[in-house]
Structure formats: structure tokens, C-alpha cells
Amino acid sequence: MADRQVDLQGIPEEFIKENGYGFLLDDEYIVPEGILLNAAEIDNAIKVQDEVYKIFKTELSNLVVTKQFDFLNLPQKMVDLICYSFNKNHNHILGRFDFAGGIDGIPLKLLEYNADTPTMLPESSIIQDEFTKFYEEPYQHNILRRQLEVAFNSLTIAAGENHPSLLVTSLGHEEDKANAQLIMQIANEEGFEVAYADLPEIDFAIGEGIFVDAGEGMSAQYDFLYKLVPWEFICFDEPDLLDILHNLIMDDKLYVLNPPYAIVYQSKVFLDHVSRKYDLPFLLKSSRSSNDFIGQKYVEKVSFGRLGENISIYDERGKIIEKTEGDFGHFEKIYQEFAQLYKDHYGEYYQLSMFNVNGVASSISFRRGEKLIIDDDCQFVPHFESKIS
Amino acid sequence: MTEQKSSTPILKYAIYGIIAIFFLFKFFGGGGSNEGADYVEETLEDPTQGIIAEIQEVDEDLFKITDEELIEKRADSRIIATFIDNSVDTFTLDEITLEEANNPRRSGLRAVAMAGMFGYMMGRPMSSGIARSAYANDKSFNKSNTSGKSQLSSTASRKTVRKPASKGFGSGKSTRSYGG
Numbered sequence: 001m002a003d004r005q006v007d008l009q010g011i012p013e014e015f016i017k018e019n020g021y022g023f024l025l026d027d028e029y030i031v032p033e034g035i036l037l038n039a040a041e042i043d044n045a046i047k048v049q050d051e052v053y054k055i056f057k058t059e060l061s062n063l064v065v066t067k068q069f070d071f072l073n074l075p076q077k078m079v080d081l082i083c084y085s086f087n088k089n090h091n092h093i094l095g096r097f098d099f100a101g102g103i104d105g106i107p108l109k110l111l112e113y114n115a116d117t118p119t120m121l122p123e124s125s126i127i128q129d130e131f132t133k134f135y136e137e138p139y140q141h142n143i144l145r146r147q148l149e150v151a152f153n154s155l156t157i158a159a160g161e162n163h164p165s166l167l168v169t170s171l172g173h174e175e176d177k178a179n180a181q182l183i184m185q186i187a188n189e190e191g192f193e194v195a196y197a198d199l200p201e202i203d204f205a206i207g208e209g210i211f212v213d214a215g216e217g218m219s220a221q222y223d224f225l226y227k228l229v230p231w232e233f234i235c236f237d238e239p240d241l242l243d244i245l246h247n248l249i250m251d252d253k254l255y256v257l258n259p260p261y262a263i264v265y266q267s268k269v270f271l272d273h274v275s276r277k278y279d280l281p282f283l284l285k286s287s288r289s290s291n292d293f294i295g296q297k298y299v300e301k302v303s304f305g306r307l308g309e310n311i312s313i314y315d316e317r318g319k320i321i322e323k324t325e326g327d328f329g330h331f332e333k334i335y336q337e338f339a340q341l342y343k344d345h346y347g348e349y350y351q352l353s354m355f356n357v358n359g360v361a362s363s364i365s366f367r368r369g370e371k372l373i374i375d376d377d378c379q380f381v382p383h384f385e386s387k388i389s
Numbered sequence: 001m002t003e004q005k006s007s008t009p010i011l012k013y014a015i016y017g018i019i020a021i022f023f024l025f026k027f028f029g030g031g032g033s034n035e036g037a038d039y040v041e042e043t044l045e046d047p048t049q050g051i052i053a054e055i056q057e058v059d060e061d062l063f064k065i066t067d068e069e070l071i072e073k074r075a076d077s078r079i080i081a082t083f084i085d086n087s088v089d090t091f092t093l094d095e096i097t098l099e100e101a102n103n104p105r106r107s108g109l110r111a112v113a114m115a116g117m118f119g120y121m122m123g124r125p126m127s128s129g130i131a132r133s134a135y136a137n138d139k140s141f142n143k144s145n146t147s148g149k150s151q152l153s154s155t156a157s158r159k160t161v162r163k164p165a166s167k168g169f170g171s172g173k174s175t176r177s178y179g180g
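These protein sequence lines are chains A and B, in that order.
Numbering follows my numbering, in which position 16 of the first sequence is assigned residue number 16; successive positions increment by one, without gaps.
Numbering follows my numbering, in which position 46 of the second sequence is assigned residue number 46; successive positions increment by one, without gaps.
In isolation and in its complexed conformation, chain B is listed as follows (with noise of 0.2 Å):
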């Protein structure tokens, strides 16, 4: 009786011990290498259409675009500016790509054509939307919001990456402000 009793609560402990041990491991983020691992799963759409962006100079230095029609193909896209002077330039992909310093004529104009549905053309990417201060008005954006990117979305070649990332930091810490 005496050797059973000493016996058992060192079992029970060691028990209990290896119990602890196994929660304060997972407590502190432990239990294996895939755990903790996060990903962004990313669908990226690459357009195969091009378009025909028509853009306005509607003051000095300030672009909008009034309409963009899609084409066959990207390589062919094309941006046709009509200055405040009523001078008209048309301005290839690689053209309107290329940075030219001292030129903010050209940067305005670049920076209004990468906000609207033709930045897609320029690298950007398709899951962002446009901007409606790109365009000169309401239909012509709306052309673009809607139908425009709609068909430009189901001619697109389509792959999945994923990539390695963390997230929920700062979990559990809204209660206060943190301005100041």
C-alpha cells in the first residue's frame, strides 16, 4: 500500500506536467512549423484587350479623359490628347510609359491616364478600381466602371500566386484611441 501510494501522484504529476507543458508550448505560438503560417492567395488578371483612351486637356496642365474604347489588342492601345491649343497628339503604350523629366505636361497626362481604366494598361492592377476624378464626366466614367472593365475583365488571362504574409497585428487593441 505504501509503495502504491507514493507512486501514483508522481505519475498523476508527470501527467500533469507534460499537460502544462503541452499548452504553455501552444500558448506561445509553438506546435510545429506550418502554424502561424498566413498567405495572400492573389488571382491576378492580366488584360489581353488594349484601349483608345481619348483624353482632354480641360485647363493648363489638368487631363481628363472623355472616353475609352476597347480594342483587339493591348499592344495596340493608344491615347490621344487634344491640347488646350486644340493641337491633337496620340501617344503609343511605350510612349506615355516613358518618364520624360521637365515635362509635367507629359506627367499630368500619364497620371490621369494611369488613374482611369487605361492604367491597366500600364502595369496596374486589375483587382484596384479607377478613379472618378480621372474622367471628365459622369457617363464617361461610368462607360469605363462599368461595361468597360466588365469585358476587359473576361478577355483577361488569369494566374494564382500566393505569397508568404502576417497579419492581425494590433488585435484586441481597439478600445482607445491612439491620436493625438
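This is chain A alone, in the form it adopts within the complex (with noise of 0.2 Å):
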């Protein structure tokens, strides 16, 4: 079997930082390798990723209809919003799959699901797409740019009479900021009015909706809302401001991007519903009771876990092989048989993300590191279709 991984010409160093990503050259997150795919590989990645999406849907449509939504753990104000966006098909924008294996014949299984607030967008997208500059071999699947101009150009066809203006927030992280900066340079491009503020930097009126100070006594009024904050850090730590959003939502005075139906996907709760009534070969099987694993090597994870935190691995013998520390240990703890990731010739693990626009397959990139556990400490890695087999 070839190796996949391939040494580049170089690094789009001077894209990256005309366009506002220097801080991704730090501490070598992007590095002059990528990894080679065959079209087949490319094909079945799409396939699954087809499938599974059309799966979480069918499922979620399921519990809409009977109100089976218990099992989440999550407030009846939070429940009432994700019924009401599913019912009125708000535009489930942006996702990330993320998968074991699905290269040189490990199969591919589902990780999880970053339904709510994607993150590598930047790397994934634009800075992929530049590093085809730099390999023989310029082919990726890799059209996730193009996805969101027409998601968002879409968008501004069903604001109808309201005005096209959205306001991109996020907790303050420069990691989450760059993701938002690359979204509102593609939704201003579509005719959005655009503008970005810190979430405690909004004013949130219930009955009238979501402001922003403009200066000069006047405060500006946005319609749709893109957040990189997580439903359930507004769940569990912003009760109030769940309160105003389901006010605001139900009322049909805003636009939240991602919709609160995405908290579902985003569960790994739901990937345990999921994998009890599918039995299919990409789907792990998944639990809420580690028992379910005795004599094999299984993944301790949390419902809403996030960049590889508060994960342990365990060997067939139940002991502790791998292990990471996190914000997220208070949340429910959710075991996951464990899934082979591909392993270079120099040891290291691949983990392939899938990203979706509105369901639909948009680009596939990879991220790298010297454990199996693929944290924040990882490398990017961009993939190109080659004819190895």
C-alpha cells in the first residue's frame, strides 16, 4: 500500500495572512504536508455522509412528531425552539462530520457530528483551496465556499420584505472570530448587511429583537444572527437569554444560524438513539452505559464535549490507554466503541472532517496528531485526490 501523505511545495503563508489567519501559522497548525485520497474514497465519503445526514434528519423529523425529546435532558424553552425551527425549516447552515478511517481500506465510522458551532472553516475552505498551488495533483472536494454563497445568497431571497442584515457573534475567542469573519465576508458578498459583535456586547429585547450600539445614540437592528455559541452553554449557563431567544424565535423577530434544532444533532445522546436503530456498517455503536463494552476497547465521551476535551479511551480490559482533561466533565457521559484512524508512516493518526451545507457534502480536510485523540493541539491537514489506490 502507497503512503498517503505527501510533502507540498510550500504553504499559502501569504494568503493566509492578507486574509486576516496569520495567528494559523503559529505553532505549526499548517505545515507544508497533505494526504492523498483516491476518488473512490472520496465517493464513499460523500455517500456516507449523504446517508448519515439523512438519517439525523429522519430521526429528529421522528422526535419532532412524538415529543420524545426526554432522553436529550434539555429545557422545555430549548425543546419548544427546536420543534419550532425544524417545523419551519430553518437552514441548518453549516456542519462538520467527523470520521475515523476512510483511507487505504479502515473503514469509515462516524465520530460525531459539530452540528451547532463548526469551527476550521477558514482552513477548510479558502486555505485548502490555495494549497492546491502547491501539489501536482489540484483536485479536492472541496466546494464549501461556493455552498455558503448560494445557502446565503438563498437566505436573503426568504428574508423577503425584512432587511438582509446579520450580526455574527461569538464568546471573544480569536479561533471562533476568524471562523465569523470568513462567514460575514461571504454573506456581505451575497447582500447581507453584516457586522460583528461579542455576544455580551448585544442588547436582547424581548418582543422587539437583538441590537447593537451604532454610536450617536442609535442602535443598529440585525434580523438573522450567526453565533459561534454553543445552544447549551445558552441553555445551562444563559437560562434568561434562552428565555428572550425563544421569545424572539417563536415570534418569528429572528433568525438564529445555527437553528436550535442543530443541539440535537450536536448530541452524542443522539448518536446512542441513533445507533440503536440503525445498523449500519459507518454508525459505532454507542451507549450510555460503559458496560455495554465489556472485553472491548471503547471511548468514553460527554453529550456535549467539545476539541477532543474530556474523553477517555479504554483498552479490552477496562483500563485507561488514552485520556484528556476538559471544560465539559459535568455533562453526561455517553461510551462509543472505538473506531482505527489511519496512521502514517511517521505514527501519526488522520481524522477526516466532512463539512455540509444545508446537508449537502461541501468539503473534506483532515486534521493530524501523535495521539488518537484528535484535540486543539492537532495539525490541519489538506487532502488532494490522486489516483493511488
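Any given hint could be a false lead.
If you want the ones that stay clear, here's a sample from chain B, every Cβ over 12 Å from chain A, calculated [what the hints assert, rightly or not]:
| hint | residue |
| --- | --- |
| 1 | 49 |
| 2 | 56 |
| 3 | 57 |
| 4 | 73 |
| 5 | 74 |
| 6 | 107 |
| 7 | 126 |
| 8 | 143 |
| 9 | 163 |
From the derived model, a few chain B residues whose C-beta atoms are all more than 12 Å from chain A [claimed, not checked]:
| hint | residue |
| --- | --- |
| 10 | 72 |
| 11 | 83 |
| 12 | 130 |
| 13 | 151 |
| 14 | 161 |
With a straight-line cut-off of 25 Å between C-alpha atoms, the simulated DSS-like cross-links for lysine-lysine are [claimed, not checked]:
| hint | chain 1 | residue 1 | chain 2 | residue 2 |
| --- | --- | --- | --- | --- |
| 15 | A | 319 | A | 297 |
| 16 | A | 297 | A | 371 |
| 17 | B | 167 | A | 253 |
| 18 | A | 77 | B | 173 |
None of these hints come from the bench; they were simulated from the model.
Built from N, CA and C at the ideal position, the CB exists for glycine as well.
Using the hints, put the two standalone chains together into the complex.
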């Protein structure tokens, strides 16, 4: 079997800096290396993502009909919002599936779905695209920027008589703001008036909408909100904000991206729900009890974990072989069958990510690390389509 | 002496207790009905002048504003649309605002009008900006964005409204990424 890791002629350093993403060059997060996939592997990843997204949507639709949301342990107002936003067909504008395997005969297995506040957007879209200048086979599955253009364009039409104005918010971290920046750029090109404000700077007025200080005694109102603030943060850390958003969204005063129903896809408890109903090769067995994995390797996660935090990997004898600490240990634990990651000849592990825009497979990209748990210390690796077998 | 020794500490601890209760009360957000309240004070501008907008269909169902001219009365506002087949149609404010099901051409025209200065005639707040992408070129955009907006604002009527609002959610949580 041929090695899939390849050295590139360089990295698009100037492009990265010019576009305001210079910090991504720190800590060797972006390096002059890529990974090769053949056409069949790319096709398979697209096919699997399409199938998984369809299953997720079907199962969420069933939950909305039956109102059986108890297993997710969410506040009632969040459940109201989930049902409302799903029934109103609010756009699930951007998500990212993370998979193990998918290369060199290693089966593709769904690890999780970053359905609410996916990051890695600049590097997986425009930066990865720029990498095609640094390799002889400049083909990728990467239509992410184009798909977002189409999505925001259709939102401007859907805005109808409302003025298409988008406020993008986060809690202020550099990486989240960099993702916000690209969203704003694309939305603006498609006709949105755009602005950014950290969450604490936004005025939320019941019955009215969201406002940002525009100077000279004026406040500017926005009808769309793209948030890099997780729904579970709103539910459990800022319940008063949930009350206000409940009022604004249900009264059609505000359209939030990603929509409230994204929290269902995001929850790893939903993975357990889905894996119990579907016996498919790309769905890992998941459970709320570690007893279901006696005698086999398994992974312990939390329902709303992020960036590889609060994960433990256990061997067949129940001994921890790898573990990360984190900020999310208070959430419910979920157990998942262990899945093999691709490992290159330097011993580094690769995790395949597939972005989707309104459910459409839009970009493959990779992260890699020296450990089995791919966390915030990993590297970004662009992919290239090759004739390699 | 014995009586004095026993009564002074009780008084002292009572005062300490009152102070502690006061600070705890303040810390947990108590202390009067006006405290914690926040308001958005907004000056709303309503245009009195009108606009004649010239909009061209530059590609099938793709419209761009080529010119916006201010006129005296808002009610006289018009859109003069030149379609790709060179036919020309004029729409009043009522006509362009009217929803027309299954008419993508009309909704495309309306969306562009809304994103430009003409959007202020259609109810878009004057505090919001205008979109460069709605205009055919820099010249037409700059004309509306500078002198056009400025003149429209100078003749607009104004009222200030005060709305209760909440602010400060997520304060002090900016040290980490909340992406996934």
C-alpha cells in the first residue's frame, strides 16, 4: 500500500496572512504536507455523509412528531425552539462530521457531528483551496465557499420584506472570530448587511429583537444572528438568554444560525439514539452504559464535549490508554465503540472531516496528531484527489 | 464589667451580620427594582423624501441598481426596471412591496431594491447600511451611500424610543474557543 502522506511545495503563507488568518501559522498548525485520497474514497465519504445526514434528519423529524425529547435532558423552552425551527425549515447552514478511517481500506466510521458551532472553516475552504497551487494533482472535494454563497443568497431571498442584515457573534476567542470573519465576508457578498459583536455587547430585547450600539445614540437592529456560541451554553449557562431567544425566534423576530434543532444533532446522546435504531457499517455502537463494551476497546465522551476534551479511551480490560481533561466533565457520559484512525509512516493519526452546507457534502479536510484523541493541539492537513490505489 | 464584655461582641456581630447580608444581597443582584434593568434607546428615522430607483436586469433574474434619485414626496417613489429583453416597467411603492407568489423575477427585483437606499422607502430602518452588491457599480453605490443617504437623513422625521433589553450575556467567558 502506498503512503498517503505527501510533502507539498510550500504553504500559502501570504494568502493566509493577507486574509487575516496569520495566527493559524502559529505552533505549526499548518504545515507543507497533504494527504492523498483516491476517487473511490472521496465518493464513499460523500455517500456516507449523505446517508448519515438523511438518517439524522429522519430521526429528528420523528422526535419532533412524537415530542419524545426527554432523553436529551434539555429545558422545555429549548425543546419548543427545536420543534419550531425544524417545522419552519430553518436552514442548518453549516455542520461538520468527524470520521475515523476512510483511507487505505480502513472503514469510515462516524465519530461525531459538530452540528452547532463548527470551526475550521477558513482552513477547510479557502486555505485548503489555495493549497492546490502547491501540489501537482490540484484536485479536491472542496465546494464549501461556493455552497455557503448559495446558502446565504437563498437566505436573502427568504428574508422577503425583512432587510437582510446579519449579526455574527462569539465569545471573543481568536479562532471563533476568524470563522466569524469568513461567514461575514460571504454573507456580505451575497447582499447581507453584516456586523460582528461579542455576545456580551448585544442587547436582546423581548418582543423587539437584537440590537448593537451604532454610536451617536443609535442602535442597529439585525434580523439574522450567526452564533459561534453553543446552544447548550445558552441553555445551561445563560437561561435568561434562552428565555429571550425563545420569545424572539417563536415570534419570527429573529432567525438564528445554526438553528435550535442543531443541538439535537450535536448531542452525543443522539448518536446513541441513532445507533440503536440503525445497524449500518458507518455507525459506531454507542451507549449510555460502559457495561455494553465489556471485553472490547471503547471510548468515553460527554454529551456536549468539544475540541477533544473530556475523552477517555479504554482497552479491552477496561484500563484507560489515553485521556484528555477539559471543561465539559459535568455533562452526561456517553460510550462509543473504538474506531481505528489512519496512521502514516511517521506514526501520526488522521481524522477525516466532512463539512456540509444545508446537508450537502461540501468539503473534506483532515486533522492529525500524535495521539489517538484528536484535540486542539493537532495539525490541519489538506487533502488531494489522486489516482493512488 | 462582665455585662459590658458580654453585650459588646453581640452588637459587633450583629453589625457584621447586617453588613454581610447587605453585600450578599448586592452580590446576588438584589437592591431595588431599577437595578439590573437595561434599555436600548433608539432614534428612529423615517424618510419624508422619496426615491426614483433605476434597476436593470443584468442577467436572467439578476438585478442591479444603476441609479437612485431623491424626490420630494415618499409616496411618489418609483422603481423603473429595465429587463433583459429591454422591456421597461415602472412599479410604485405599493406594487413592489406586494408579495407575488411564484414570481421569482419580482422577488429578485424586490430583494435588490430592499438592499439599496430604496429599502428605506420599503420600511428598512435607516440605521442599517446599504449593500454594495445591490448596485451595478461603485459610482451608483457611492452616490447613494454618501450624498443620497446624507440628504435623506437630513430631511427625515425622528423619534426616540426606549426598549427594555438585556445585555452582558457570556461576560468573562472569552478565554477559550466554543467551536467544535
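Checked hints:
1. At roughly 19 Å, the least C-beta separation between residue 49 of chain B and chain A is larger than 12 Å, which holds for a residue marked as non-interface.
2. Look at residue 56 of chain B: its CB is around 16 Å from the nearest CB on chain A, clear of 12 Å, so calling it non-interface holds up.
3. In this structure residue 57 of chain B is separated from chain A by more than 12 Å, as the shortest Cβ-Cβ distance comes to about 15 Å.
4. Annotated as non-interface, residue 73 of chain B keeps its C-beta farther than 12 Å from every C-beta of chain A; the closest such distance is 22 Å.
5. Distance check on residue 74 of chain B: its Cβ is at least 17 Å (rounded) from any Cβ of chain A, clearing the 12 Å threshold; non-interface status holds.
6. The Cβ of residue 107 of chain B sits about 6 Å from the closest Cβ of chain A, inside the 12 Å cut-off, so the non-interface label is violated.
7. Not every Cβ of chain A is farther than 12 Å from the Cβ of residue 126 of chain B; the closest lies at roughly 9 Å, contradicting the non-interface assignment.
8. The Cβ of residue 143 of chain B lies farther than 12 Å from every Cβ of chain A, with a closest approach of about 18 Å, so its non-interface assignment holds.
9. Taking the minimum C-beta to C-beta distance to chain A, about 5 Å, the non-interface status of residue 163 of chain B is violated against the 12 Å cut.
10. No beta-carbon of chain A is positioned within 12 Å of the beta-carbon of residue 72 of chain B; the least distance is around 24 Å.
11. Against chain A, the non-interface label of residue 83 of chain B holds: every CB pair exceeds 12 Å, the least being about 18 Å.
12. Distance to chain A contradicts residue 130 of chain B as a non-interface residue, since its nearest Cβ pair spans about 8 Å, not more than 12 Å.
13. No beta-carbon of chain A is positioned within 12 Å of the beta-carbon of residue 151 of chain B; the least distance is around 18 Å.
14. The Cβ of residue 161 of chain B sits about 9 Å from the closest Cβ of chain A, inside the 12 Å cut-off, so the non-interface label is violated.
15. About 9 Å separates the Cα atoms of residue 319 of chain A and residue 297 of chain A, which keeps this hinted pair within 25 Å; it holds.
16. For the hint pairing residue 297 of chain A with residue 371 of chain A, the CA-to-CA distance comes to about 16 Å; that is within 25 Å, so the pair holds.
17. The suggested pairing of residue 167 of chain B with residue 253 of chain A holds, with an alpha-carbon distance near 17 Å, which does not exceed 25 Å.
18. For a cut-off of 25 Å, the pair hint linking residue 77 of chain A to residue 173 of chain B stands: about 23 Å separates their Cα positions.
In terms of the numbered hints stated before, the structure departs from hints 6, 7, 9, 12 and 14, listed from lowest to highest.
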